[in-house]
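Going down the list, the protein sequences come from chains A and B. When we follow this note's numbering, the leftmost residue of the first sequence carries the number 1, and every step to the right adds one. When we follow this note's numbering, the leftmost residue of the second sequence carries the number 276, and every step to the right adds one.
Simulated from the structure, these hints should not be mistaken for lab results. Ideal Cβ positions, reconstructed from N, Cα and C, are used throughout, including at glycine. Careful: at least some of the hints might be erroneous.
[To be verified] No farther apart than 27 Å at their CA atoms in a straight line, the calculated lysine-lysine pairs in the DSS-like style are these:
hint, chain 1, residue 1, chain 2, residue 2
1, B, K533, A, K145
2, A, K145, B, K383
3, B, K533, A, K146
4, A, K63, B, K533
5, A, K16, A, K63
[Stated by the list, open to error] Now the in silico label distances, taken between C-beta atoms and shown as ranges:
hint, chain 1, residue 1, chain 2, residue 2, range
6, B, T577, A, A261, 50 to 58 Å
7, A, L265, B, H391, 25 to 33 Å
8, A, D72, B, D599, 44 to 52 Å
9, A, I183, B, L380, 54 to 62 Å
10, B, S396, A, G118, 50 to 58 Å
11, B, R371, A, R74, 20 to 28 Å
[Claimed, not checked] Here are some chain A residues the structure puts well away from chain B; computed CB gaps all over 10 Å:
hint, residue
12, G48
13, I59
14, R74
15, D102
16, G107
17, E149
18, V242
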Amino acid sequence: MIEQLYEQQDALVDVKNMSVTFGSQNILRNINLSIPPGQTLVLLGESGCGKTVLMKSIIGLVKPTIGEVYFDDRNINQLSDRRLSLLRLRFGFVFQNAALFDSMTIGQNVAFPLRQHGRFTSGQIREMVLARLSEVGLPDSVVFKKPAELSGGMRKRVGLARALIMNPELIMYDEPTTGLDPIMSDVINELIIRTRRRNPVTSIVVTHDMNTAKKVADRVVMLMPAHRLQPNESQMIFDGSVPELTACRDRRVQQFINGEAGERLMELRGQRSGV
Amino acid sequence: MLASAASVTAPEILCNRKRFSCGGTDWSITIISAGGHTCWLLRAFLRSVQNIVSSTPGNIEFEEPSPWFVTWVSAWGRVVIDTIIALGDFSLFCFRMMVWLFTRLPKKETLWPNFHQVGVSSLPVVALTGTFIGMVLAVQSYFQFRQIGLETRLGGVINMSLVRELGPVLAATMLAGRVGSSMAAELGTMRVTEQIDALSAMGANPIRYLVVPRFLACLFLIPALTVMADFMGVAGGHFYSVDIIGIDVHHYWHNSAKFVTNFDLFVGLFKSVFFGAAIAMISCYQGFNCTAGAEGVGRASTAAFVYSFVAILALDLFLGIALDSIYFTYYPEGASLL
Chain A
1 MIEQLYEQQD
11 ALVDVKNMSV
21 TFGSQNILRN
31 INLSIPPGQT
41 LVLLGESGCG
51 KTVLMKSIIG
61 LVKPTIGEVY
71 FDDRNINQLS
81 DRRLSLLRLR
91 FGFVFQNAAL
101 FDSMTIGQNV
111 AFPLRQHGRF
121 TSGQIREMVL
131 ARLSEVGLPD
141 SVVFKKPAEL
151 SGGMRKRVGL
161 ARALIMNPEL
171 IMYDEPTTGL
181 DPIMSDVINE
191 LIIRTRRRNP
201 VTSIVVTHDM
211 NTAKKVADRV
221 VMLMPAHRLQ
231 PNESQMIFDG
241 SVPELTACRD
251 RRVQQFINGE
261 AGERLMELRG
271 QRSGV
Chain B
276 MLASAASVTA
286 PEILCNRKRF
296 SCGGTDWSIT
306 IISAGGHTCW
316 LLRAFLRSVQ
326 NIVSSTPGNI
336 EFEEPSPWFV
346 TWVSAWGRVV
356 IDTIIALGDF
366 SLFCFRMMVW
376 LFTRLPKKET
386 LWPNFHQVGV
396 SSLPVVALTG
406 TFIGMVLAVQ
416 SYFQFRQIGL
426 ETRLGGVINM
436 SLVRELGPVL
446 AATMLAGRVG
456 SSMAAELGTM
466 RVTEQIDALS
476 AMGANPIRYL
486 VVPRFLACLF
496 LIPALTVMAD
506 FMGVAGGHFY
516 SVDIIGIDVH
526 HYWHNSAKFV
536 TNFDLFVGLF
546 KSVFFGAAIA
556 MISCYQGFNC
566 TAGAEGVGRA
576 STAAFVYSFV
586 AILALDLFLG
596 IALDSIYFTY
606 YPEGASLL
């Protein structure tokens, strides 16, 4: 029923026949993906399969070599610098290593989007920053610290607070739980779910973590590196819900879910004998 | 298009190869083999183009083994094409910076730290180098001038070379070394740690936010630094010539006033503006196009200094020629002094 509801609405993000190539390396090949508003999409796949590149091309940080990306029926790649800047206010991006500006304090970091665009008084800004920080479970005392003084998990939460401060319509998480302990990973998962519950945002989560995928996903898409596939095969080897994912018979999907090396071990042996 | 060109040339090359292997002194064979070589050169060129445009799917595969000269030509072709691409990319970068410069100025809070970094922090080192170069000039030219009994002309020589050449060039070199490479390293680290992407993602244009303030700081403050270098150099030259060597003060300054004109001062300051612009653009470009890792950041900051320095000297030459011709056009009597 949920799927039918999604289908009725226009897609918020629409990726059409997109390919991305860096130098001679084909990262993404003929990707077609449409994401309806309100959906939480989890992009799974091994390292180097192009998950982050796909997400960065949706926000216009990576230009597709071929194909188009539409956000709210507007072609991202044909917008001028200024229009794109304005459109990006509707996005929130949580970077893999938080990407906090290390010349600024935590407070300045979180307030950055507000100062950049909003016409808020400094009192309002302070209130909003503190509210966002407490939402992600950080005390007021971190406001005056520099990013280097915080732990990895805290930095990620600051990154999340910064991405949320403009109330974006689309939030993208780039490996939100990578490098965190299991408890902190679960805290981040809860934050992702809570954010969606509080306001009806669309989310794209790039992860390797099956727990995150199972916990937060409405829909799971699994990508495979282009060089491991036949020339005509689609790079999206799975597209469906979490129960469908666990029931999927595809050997590559099962291998990923269960974390089995399988024939990759053979590759390893082959390399060793080659040496 | 590439595919069709390759398919046409392939049989011809095979044909020419056979004839060429027969040897002989017949000119027609030489001409045909030259044709074959041209095809090979064309092929080498196509290959280097292919290497660069291989981003498009449907690449052509070149399977024949290539002789050494093809590899050689293709390597050079690659260097040329890479340089052209880099220059084009740099021009686009400058163009985008100009667009932001003339449409929306950056905010004050991004300007002041850069002005401080370029102006205030660089002042001591520029002043120090200026003093020393003034004294070095006095040391080096004194004995030459004394042999022909023209010690008092030292003032003219030292001050003229300082104001026209050494002041601006030294200030610019110090700025490139101190500020340029640190800009490249800072922006490079921001690129590597995705902070530049984060700026874009939050709707702040990185060129407007990071490049324009640095450009303005270099552009506006390098003349001030040049004045400082000039002044300290003049003072250093005076100190060594008058207080240590013992040249007569009156004649030292009389000769200085006779030779150094306002136009010379203008030449120095005018050139310095171009140096500042070049330093800012080259350093920011290197930082923005930094490759990943500590090595990439190191390479970006080295390249920023090296390219800035080359650009300073090249600009110095061409601006010198241009300004001289302007001077002699408007003041023909100036030429008679020589």
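Taking the hints in turn, this is what the structure says about them:
1. Only pairs whose Cα atoms come within 27 Å are accepted, and K533 (chain B) paired with K145 (chain A) is rejected, the gap being roughly 60 Å.
2. Between K145 (chain A) and K383 (chain B), the direct Cα distance comes to roughly 23 Å. Compliance with the 27 Å bound is thereby established for this hinted pair.
3. Proximity of K533 (chain B) to K146 (chain A) is assessed by CA-CA distance (about 58 Å); at most 27 Å being required, the pair is judged violated.
4. The straight-line distance between the Cα atoms of K63 (chain A) and K533 (chain B) is roughly 61 Å, outside the 27 Å bound, and the hint therefore fails.
5. At most 27 Å may separate the alpha-carbon atoms for a hinted pair to count; K16 (chain A) and K63 (chain A) meet this at roughly 13 Å.
6. For T577 (chain B) and A261 (chain A), the hinted distance range of 50 to 58 Å is not satisfied, since their beta carbons lie about 41 Å from each other.
7. Against the hinted window of 25 to 33 Å, the Cβ-Cβ separation of L265 (chain A) and H391 (chain B) comes to about 57 Å, which falls outside the hint.
8. Checked against the given bound of 44 to 52 Å, the beta carbons of D72 (chain A) and D599 (chain B), roughly 59 Å apart, lie outside it.
9. At about 47 Å, the CB distance of I183 (chain A) to L380 (chain B) disagrees with the hint of 54 to 62 Å.
10. Distance hint for S396 (chain B) and G118 (chain A): a CB-CB separation of about 33 Å, inconsistent with the stated range 50 to 58 Å.
11. Our hint of 20 to 28 Å for R371 (chain B) and R74 (chain A) holds, since their Cβ atoms are close to 21 Å apart.
12. The Cβ of G48 (chain A) sits about 14 Å from the closest Cβ of chain B, beyond the 10 Å cut-off, so the non-interface label holds.
13. Separation of I59 (chain A) from chain B is inadequate, the least Cβ-Cβ distance of about 6 Å not exceeding the 10 Å criterion.
14. At roughly 15 Å from the closest C-beta of chain B, the C-beta of R74 (chain A) stays outside 10 Å, upholding its exclusion from the interface.
15. For D102 (chain A), the shortest C-beta to C-beta distance to chain B comes to about 8 Å, within the 10 Å cut-off, and the non-interface label is violated.
16. Even its closest Cβ contact with chain B, about 14 Å, leaves G107 (chain A) beyond 10 Å, as expected for a residue assigned away from the interface.
17. No Cβ of chain B approaches the Cβ of E149 (chain A) within 10 Å, the least distance being about 16 Å, so the stated non-interface status holds.
18. Distance to chain B confirms V242 (chain A) as a non-interface residue, since its nearest Cβ pair spans about 28 Å, more than 10 Å.
Figure legend: structure checked against the earlier numbered hints; hints not met, in rising order: 1, 3, 4, 6, 7, 8, 9, 10, 13, 15.
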